[in-house]
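Please work from the sequences and hints to get the whole structure.
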Amino acid sequence: MSRQAASGVRESVLKDHDPAWAREFEAMMEAYEKAGGRPDVLQAGRVASAVISANEVLTVSEIEGVTIEAEEQEHGVKARITVAPGTKVEHPVHLCFGMMAEEGLQEIDSEFEIGEGAEVGFLAHCTFPNAIQLKHVMDARIHVGPGATMRYSEAHYHGTEGGIEVLPTTHAIVDEGGHLETEFNLTQGRVGRMAIDFEADLAGCAVAELVAKAYGSGDDDIRVEEVVRLNGEGARGLTKTRVAVRDQARSEVYTTAEGNAPGAMGHMDCTEIVRGRAEARNVPIVVVRDDRARVTHEAAIGSVGKQELETLMARGLSEEDAVDVIIRGMLRG
Amino acid sequence: MGDALLRVENLSVKRPGAEVLRGVDLTVARAEVHALLGLNGSGKTSLALALMGAEGYEPEEGRILFDGEDITDLSVTERARRGLTLAWQSPAGFEGLPVADYLALGMEEPTRERIEDALEAVALSPRAYLGRAVNSGLSGGERKRIELAAVYAMRPKLAILDEPDSGIDVLSIEDIVSLIHHLAEEGTSVLLITHRDEMTRMAERASLMCAGSVINTGTPEEVRAYFAQRCRPHGDLLGSQPWGEEAGGTYQRVVEEGVCDE
Chain A
1 MSRQAASGVR ESVLKDHDPA WAREFEAMME AYEKAGGRPD VLQAGRVASA
51 VISANEVLTV SEIEGVTIEA EEQEHGVKAR ITVAPGTKVE HPVHLCFGMM
101 AEEGLQEIDS EFEIGEGAEV GFLAHCTFPN AIQLKHVMDA RIHVGPGATM
151 RYSEAHYHGT EGGIEVLPTT HAIVDEGGHL ETEFNLTQGR VGRMAIDFEA
201 DLAGCAVAEL VAKAYGSGDD DIRVEEVVRL NGEGARGLTK TRVAVRDQAR
251 SEVYTTAEGN APGAMGHMDC TEIVRGRAEA RNVPIVVVRD DRARVTHEAA
301 IGSVGKQELE TLMARGLSEE DAVDVIIRGM LRG
Chain B
1001 MGDALLRVEN LSVKRPGAEV LRGVDLTVAR AEVHALLGLN GSGKTSLALA
1051 LMGAEGYEPE EGRILFDGED ITDLSVTERA RRGLTLAWQS PAGFEGLPVA
1101 DYLALGMEEP TRERIEDALE AVALSPRAYL GRAVNSGLSG GERKRIELAA
1151 VYAMRPKLAI LDEPDSGIDV LSIEDIVSLI HHLAEEGTSV LLITHRDEMT
1201 RMAERASLMC AGSVINTGTP EEVRAYFAQR CRPHGDLLGS QPWGEEAGGT
1251 YQRVVEEGVC DE
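Chains A and B, in that order, are what the protein sequence lines are.
Each residue of the first sequence is one higher than the one before, counting from 1 in my numbering.
Each residue of the second sequence is one higher than the one before, counting from 1001 in my numbering.
Some hints could be false.
Claimed, not checked - Taking lysine to any residue and the SDA-like style, the derived pairs with C-alpha atoms no more than 25 angstroms apart in a straight line are: (1) Lys306/A - Ala1123/B; (2) Lys1157/B - Gln307/A; (3) Lys306/A - Glu1142/B; (4) Lys34/A - Pro1098/B; (5) Lys240/A - Gly1093/B; (6) Lys306/A - Arg1081/B; (7) Lys306/A - Arg1132/B; (8) Lys306/A - Arg1015/B; (9) Lys306/A - Tyr1057/B; (10) Lys306/A - Met1107/B; (11) Lys240/A - Ser1136/B; (12) Lys306/A - Gly1137/B; (13) Lys306/A - Ala1092/B; (14) Lys306/A - Gly1140/B.
These are calculated hints, taken from the structure and not from any lab test.
As the structure is a computational prediction, the values presented were derived from the model and not from experiment.
Shown next as structure tokens:
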């Protein structure tokens, strides 16, 4: 049985590489775990994975039907992940991006190509535990082939200083009958400045569900901008945003759903909880270009509900703990 | 009546545009099931919220003594930590909060066994419900049972149950009655707000509220008889708006003067 270091990394893995690599890898694994990842799964043979620290590709593991090409650049990595048509990937592909440094720039240029009829999930963890003046830029292009399914979940951990800018931009194309689900989660530690920019174009009977969750404090600045274009007949799209802000944090959520074809259905659902002197804004934009399409939206912005709060206080929780339980539940839900 | 756990003295509460409680006097003994009866709008829920310390129900006058201590100025949390809790008539939903976590919140030492025990006490299968969220995915009746399970799990000294039978199908009333028996057996006093005769039968004593005041206290039979003789004649006039004009002058006098008709 292989022994494990404190980070959960197998000692045999560390021994096979030079000490500098081993230190970096072990530090990344510790940070990965803080972001919610599981180092043991990352190192399991049956799981496709990639670990990228700053502009260094530490490990890449492929499995049948899943190809990961990663090329180091001056300030980051260019990656292309391909899932062959018809491949049903049993375990999610694990991706770990991050930087141990306090300052610097990481640019990830990524491309996801999901072949016709393939099914795959991704679990990405982005970790910047020591960030003081750091910028993480992600430029992603996603193509979900006809009848294919892609589920992508990304969790971030930015440490406690808030000295980070996270700027992910994604453009997704979902072909006929394709299915795309994404979830972005930044609910542990500070946010810093974050601006999510996500656009999705859907063909006939394609489905997209975009979920974004964030919890801002201090002077964190959260901006979510999502556009779903329901271009094909019977396309369906959902954006679900859950944001909580406290102290002087700010949150702005702009979502657009376009019903451009017969039978297209879109819905935008935004809940933001505001505490202290924080500020939240939600601007849903509904565009309908076909009289057989339907787009709806719902938004709730405000403080924690009085009855919810008092119900938990009636179980003995302090007001502060009750608010935290409600917010954590909303962000989990 | 035994040793008093709750003593409410001359409690008055004003809400915008109405005096919802007017000099309420009420005593609940230790380990007693005490039914609180009254027409819609008579002040039962307002009294429950005032006893729990809910925002907007702060008394203008009077005091609340609980376990020998004046809790009139204490917060909801402080009252709960002294052993007082409330099951709301329409319980709130909690997005993303699993039932197991919700039940554990009020327990001093939560264990899986005790959480399962609380669900079984309201006839819900732990296997089916532990992982579900306390949100709109639950029916009104399921949410109600989970609220009662949360109260049971807390093992309070006094549980105020605001119409625990509303939204529960007739066949399941027996489960609620059984839960209240469980609470009483564990030594919890219950202030039971209800309209249902079969629920009042399990109470040792009952009080009748009218127009924001407690106007009669006695055995459930005595109070039901008092209610039937003096208050029921107006029932068919009340409809869903007992404060409206259709209630008629006689009922208006009941409301305004805080006494039942002769």
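Here is how each hint holds up against the structure:
The straight-line distance between the Cα atoms of lysine 306/A and alanine 1123/B is roughly 29 angstroms, outside the 25 angstroms bound, and the hint therefore fails. As the CA atoms of lysine 1157/B and glutamine 307/A are separated by approximately 22 angstroms, the hinted pair is consistent with the 25 angstroms bound. At most 25 angstroms may separate the alpha-carbon atoms for a hinted pair to count; lysine 306/A and glutamate 1142/B meet this at roughly 22 angstroms. Between lysine 34/A and proline 1098/B, the direct Cα distance comes to roughly 23 angstroms. Compliance with the 25 angstroms bound is thereby established for this hinted pair.
Distance restraint check for lysine 240/A and glycine 1093/B: the Cα-Cα separation of roughly 18 angstroms lies within the 25 angstroms cut-off, and the hinted pair is therefore satisfied. Restraint check: the Cα-Cα separation between lysine 306/A and arginine 1081/B comes to about 19 angstroms, which is no more than 25 angstroms; the hinted pair holds. Distance hint between lysine 306/A and arginine 1132/B is fulfilled; the C-alpha atoms sit about 23 angstroms from each other, no more than 25 angstroms. A threshold of 25 angstroms between alpha carbons decides the hint, and for lysine 306/A with arginine 1015/B the separation of about 16 angstroms falls inside it, so the pair holds.
The hinted pair formed by lysine 306/A and tyrosine 1057/B meets the criterion: a straight-line CA distance of about 13 angstroms does not exceed 25 angstroms. Distance hint between lysine 306/A and methionine 1107/B is fulfilled; the C-alpha atoms sit about 22 angstroms from each other, no more than 25 angstroms. With a CA separation close to 16 angstroms, the supplied pair lysine 240/A and serine 1136/B stays within the 25 angstroms bound. Among the hinted pairs, lysine 306/A with glycine 1137/B is consistent with the structure: their alpha-carbon atoms are about 21 angstroms apart, no more than 25 angstroms.
Between lysine 306/A and alanine 1092/B the CA atoms are separated by roughly 9 angstroms; this keeps the pair inside 25 angstroms, and the hint holds. Annotation: proposed proximity of lysine 306/A to glycine 1140/B holds, straight-line Cα distance about 19 angstroms (limit 25 angstroms).
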